[in-house]
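*Asks:* Sequence:
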Amino acid sequence: MQVHDIMTPEFQACSPRATLRDAAQMMRDLDVGILPIASGDELVGVVTDRDICCRGVADGADPEAVMVQEIMSQPLLRCYEDEDVAEAARLMEDRQVRRLLVYNRQERPVGVLAQADIALNPETARFVTELVHDISEPGPGHHRPAMH
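The sequence shown maps to residues 4 to 151 in our numbering.
Take these hints with a grain of salt, some might be off.
[Unchecked claim] Listed next, with one range per pair, are the computed distances between beta-carbon atoms:
| id | residue 1 | residue 2 | range |
| --- | --- | --- | --- |
| 1 | Arg31 | Glu73 | 42 to 48 Å |
| 2 | Gln5 | Ala68 | 28 to 34 Å |
| 3 | Cys56 | Ala122 | 20 to 26 Å |
| 4 | Leu123 | Arg93 | 17 to 23 Å |
Hints listed in this document are in silico derivations from the structure and should not be mistaken for laboratory results.
Note that beta-carbon positions come from the ideal geometry of N, C-alpha and C, so glycine has one too.
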């Protein structure tokens, strides 16, 4: 199965000069957890709900004043629409991400592939257990809280 078979084929991009509040409201309204960041016709990064929370608000950023470009993730992680879903899932595992931008071979963005897209498809759901485990591994310096 190829990525184009299960990806979300449309997305809205956000300006790098949008505030964190603007991006968060856009995510809420679109019911998404990632926004590609576009400068003109070029995608220059992505911002996730986690970026806003952990790199923005938790670090004391004023959501009304701080711009998305200050916390967006770069470089862009991508896969191609004609790639096998297993390859895209391996990239998600290796980079510990839950979403990838999807490009065509003409290097144009055409959609987003999310962990949920893989999980909700009966033919690709077998990748999910391993994917969730590997993505959820703590990063360097992260300690899991003790359970009481």
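*Asks:* Hints first: check each against the structure and report whether it holds.
*Replies:* Right, here's what the structure says about each hint:
At roughly 20 Å, the beta-carbon separation of arginine 31 and glutamate 73 lies outside the given 42 to 48 Å, and the hint is violated. Distance hint for glutamine 5 and alanine 68: a CB-CB separation of about 43 Å, inconsistent with the stated range 28 to 34 Å. Under the hint 20 to 26 Å, the C-beta atoms of cysteine 56 and alanine 122, about 22 Å apart, fit the expected range. Range check, leucine 123 to arginine 93: Cβ separation about 19 Å, and the 17 to 23 Å hint holds.
This entry does not satisfy hints 1 and 2, going by the numbered hints stated previously.
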